[in-house]
Structures are given as structure tokens and as C-alpha cells.
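If you want the building blocks of each chain, they are given just below.
There are 2 protein chains.
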Amino acid sequence: MTLVKIGGNVINNKKALSSFLHDFSELKGLKILVHGGGKKASELSNKLGLESTMIGGRRVTDQATLEIVTMVYAGLLNKNIVAELQSLACNAIGLSGADGNLIKSHKRIVQEIDYGFAGDIDAVNTETLAIFLEKKLTPVLCAITHDNKGQLLNTNADTIASEVAKALSELYQVELIYCFEKNGVLLDVNDENSVIEDIDHRQYEKLKQEGAIADGMLPKLENCFSSLQHGVMKVRIGKPELIADKGIKHSILSL
Amino acid sequence: MTLVKIGGNVINNKKALSSFLHDFSELKGLKILVHGGGKKASELSNKLGLESTMIGGRRVTDQATLEIVTMVYAGLLNKNIVAELQSLACNAIGLSGADGNLIKSHKRIVQEIDYGFAGDIDAVNTETLAIFLEKKLTPVLCAITHDNKGQLLNTNADTIASEVAKALSELYQVELIYCFEKNGVLLDVNDENSVIEDIDHRQYEKLKQEGAIADGMLPKLENCFSSLQHGVMKVRIGKPELIADKGIKHSILSL
Chain A
463 MTLVKIGGNV INNKKALSSF LHDFSELKGL KILVHGGGKK ASELSNKLGL
513 ESTMIGGRRV TDQATLEIVT MVYAGLLNKN IVAELQSLAC NAIGLSGADG
563 NLIKSHKRIV QEIDYGFAGD IDAVNTETLA IFLEKKLTPV LCAITHDNKG
613 QLLNTNADTI ASEVAKALSE LYQVELIYCF EKNGVLLDVN DENSVIEDID
663 HRQYEKLKQE GAIADGMLPK LENCFSSLQH GVMKVRIGKP ELIADKGIKH
713 SILSL
Chain B
463 MTLVKIGGNV INNKKALSSF LHDFSELKGL KILVHGGGKK ASELSNKLGL
513 ESTMIGGRRV TDQATLEIVT MVYAGLLNKN IVAELQSLAC NAIGLSGADG
563 NLIKSHKRIV QEIDYGFAGD IDAVNTETLA IFLEKKLTPV LCAITHDNKG
613 QLLNTNADTI ASEVAKALSE LYQVELIYCF EKNGVLLDVN DENSVIEDID
663 HRQYEKLKQE GAIADGMLPK LENCFSSLQH GVMKVRIGKP ELIADKGIKH
713 SILSL
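First to last, the protein sequences are chains A and B.
Here this note's numbering is used: the first residue of the first sequence is 463, the next is one more, and so on.
Here this note's numbering is used: the first residue of the second sequence is 463, the next is one more, and so on.
Treat each hint with caution, since some may be false.
Because identical chains share one entry, a pair is satisfied inside a single copy or across any pair of copies.
As the list claims (entries may be wrong) - Derived lysine-lysine pairs resembling DSS-like cross-links, with alpha carbons at most 25 Å apart:
#, residue 1, residue 2
1, 611, 597
2, 644, 711
3, 566, 597
4, 566, 598
5, 569, 682
No lab work stands behind these hints, which were simulated from the structure alone.
Here chain A stands alone, though its shape is the one from the complex (with noise of 0.2 Å):
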């Protein structure tokens, strides 16, 4: 099974993003699209007057936020996505975390600073997945989950690609592919092509003490590592071309 996370890089330039899903449509085997938002919320909020706060790369999510990404993520950008791959006869199906109660998560609980309505995941229904996977319907998750009493929340993606593929490993061979807007883990931020292609845990914790690895990149080299460390088959990191180009350079992650 093939688990691909795209990010707001993609998502925001729609010529990327039809090239991106016409890659992954054609992707053999069993495969999950875990997509991010991109810029259309805080588009949307400032249309509406609203502030859109952003801590440590994460947004504060009250509740107006709550309903705008709801609209934006489940809707908007989830159901195009899906309508899009359907025209490329990929059998897509546009979930949330409340769907078949696929992701159960709670509201984070405020220690130095409230995310409001964001959620931290507490369990993946591997059983209903399973069921789509089975039936080959490709499942397309957004960013939102719910706290099984009626609340939805909101979600990181990353976290999101993670936490489905960790558990879907009890199940299947599943290798996790996150496209980002870079090669994969840069030596030097600012040289695309200082690319470490091959990266286990211990030279990311070298490199991490050593200060090369940048900050956005910390939470999400976490995820990978957590994600082999728990089952997953491979982690690989790169631009969106990687699933489909087998020369572009990118990252493959080990133990």
C-alpha cells in the first residue's frame, strides 16, 4: 500500500496539483492520499475579516478558523481533489476523521499556548479503511478529525499521513511518501541539490544536534522516523515527481 501526503505547495498551484494527481492516479496497488490545506483558508479568512494566528508553523484554530478550514479542507479542496481523480478513473472517495469514524482525536490540551479547535489523534479505523482499500476505492483524507462526541478538529496532515500509515502497517506493506516543495532533507537549505539521499536515524539525530536539519523540517522528519519505527515498510521524502519519476532525487528514510 501506497500512502502520499501533498502539502499547500501543491495544492495552491492548480496546474501542479492536476499533474501531481494524474502521477498518483496511475500508481499501481492500493494507495491513500493524505492532502494538507494551502493558502485558500487564510484566503478565505481575510475575505472575511478574520486574523488567521499561526504558532510555530501551526494554526490557532477558533471557531471561526474551525469553520473555515472545515469548509476549505473537507470540502472545497477534498471534494475537487476526488472529482479530479475520479476523471482519471481513479475510484476516489473524499474523507475526514469523522467519516466511519475513521480518526478519533481529542482537542489538544492547553499546556504554554491554546491551538483552540486543534485536534491530537487518538485512534485510526484501520477495520473501515480496510473495507474501502478492499473494494478499491482509493480514500482521499483531509486535515479534519473529531472527537467521536461531536466535535470536529482540526488536524495536521503530516501527523495525519503518519498515524494512518503506522496503523495500516498492522495490515499491509505500506510505504509513506511525503511531497513537499524540496528534493528531500538538504545538507544546506538553500542548495537544492545538497540532497542527503539516504538518511538513517542516527545520522538524523547527529545532524539534528548539529543544528543542519531546518526547523520546519524537524516535526516532519519526527513523523517519518516514528512512522518506520512503528511498522511502516519505507519512508521516502521529495517533490511531488518522485512517485512517478524514479531519477528525480529525493530522501529515502531508514532505522
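Mind docking chain B on chain A? Use the hints.
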């Protein structure tokens, strides 16, 4: 199987919606919920400075409006309904017609009026709906479909309810219940006590010719009788409370 359609009047009122969802969650057997839009789409349009154009009770859907209804119907309303049903131990799954290619439609052909991105239904995918139903999932369908060429389309929720009920009557004994703001088909639109409790097709035609049925009711009743003519076992129409309260007055339609 019971298919219930709720409209804007229930959705606009948080308390009425909660009460309805509670009753719906307690319905025995296989079930599907189809929901309309409510005022939220128009409210969001207004806030964004767009104008909603309605012709004959149907929204004209330009590109900006399509984005709004996709956000509101498939995102905000659908996911909040699903989360609330999940909290009531009803294993709901929120879906548009694009998901799993459930409802294929085509952009309405322009005759006198150009309705824009409005969908007329071509096909309902009973095979995939049956997979969900047999796995004890309860589909919650919003009023967005697709043309299988990548285009989402705004589609009348009454018609979705009727077409899905008809299609599933090949596999199940289907009861269709239309919930709206009145007690049923009224002889006098201003008198809630003038409910015609049993109405057959001959009576309907007679009342229609006499002009005794209000304009807004005509398409709804056409959908009802069309459903009965195409295999649906039973059609009832009335206030949302009718699904739980056996005593409340409503109309039962027959051929």
C-alpha cells in the same frame, strides 16, 4: 431501507437539527440521509459580497457560487452532521456524488435559463452505496454531484433523494421520507390542520389542475410520485418529527 431528506429549515436551526439527528440515529435498519443547503451558503455569499440569484426556487450557480456551495454543503454542513451522528453512535459517512462516483450528473443544458453549474442526474452507483450499507455505514449525502470529467455540480437535494431511492429500490424495500417545514400536503397552505393524510396520484392530478397545490410543492410531489412509479415502496412527507413520532400528522403518498 429508509431514506430521509431534510431541507434548509431544519439545518438553519441548530436545536431542531440536533433533535432531528437524535431521532434519525435511532431509526432501525439500513438508512441514508440526504441534506439540503440552508441559509449558510447565502450568508457566506453575502459576507463575500457576492449575490445569490434564484430562479424558480433554484440557485443559479456561477463559479464563485459553486465554490461556496461546495464548501458549505460538502464541508461545513456535511461534516458537522456526520460528527454529530457519530456522537450518537450512528456510523455516518458523509459523501458527495463525486465520492466513489456515487452520483454522476451532467451540467444542465441551457434552454431559456442558464443555471450555470447545476447538475441533472444521470446515474446512481447502487453497488458502492450497497457496500456502505452492508457494512452498517450510514451515508449522509450532500447536494453536490460530479460529471465524471472533473467538474463538481450543484444538484437539487430533493431530486438526489428521489433518484437514490429509486435506484436502491432494485436492491432493497425503500421508504422515502421528505421532511420539510409543513405537516404535509395541505389543502389550504395557510392551515396546518388541512393536511391530506392520504393522497394518491389521481387526487394529486386533480388538485394540481384545480390549482390547489402551492407552486413550491409541485416539484417535490413530482419527485415523490416519480419515486413510487419507479419501485419505491412508500413515500411520506411532513415535519422532521414524523420520523420518530408515530402520532404526528403527515401525508402518505400512493399511486
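Hints and how they fare:
no., hint, in the structure
1, 611 x 597, "between (29 Å within a copy, 22 Å between copies)"
2, 644 x 711, "within (10 Å within a copy, 64 Å between copies)"
3, 566 x 597, "both (23 Å within a copy, 19 Å between copies)"
4, 566 x 598, "both (24 Å within a copy, 18 Å between copies)"
5, 569 x 682, "within (21 Å within a copy, 42 Å between copies)"
Comparing the model with each numbered hint stated earlier shows that all of them hold.
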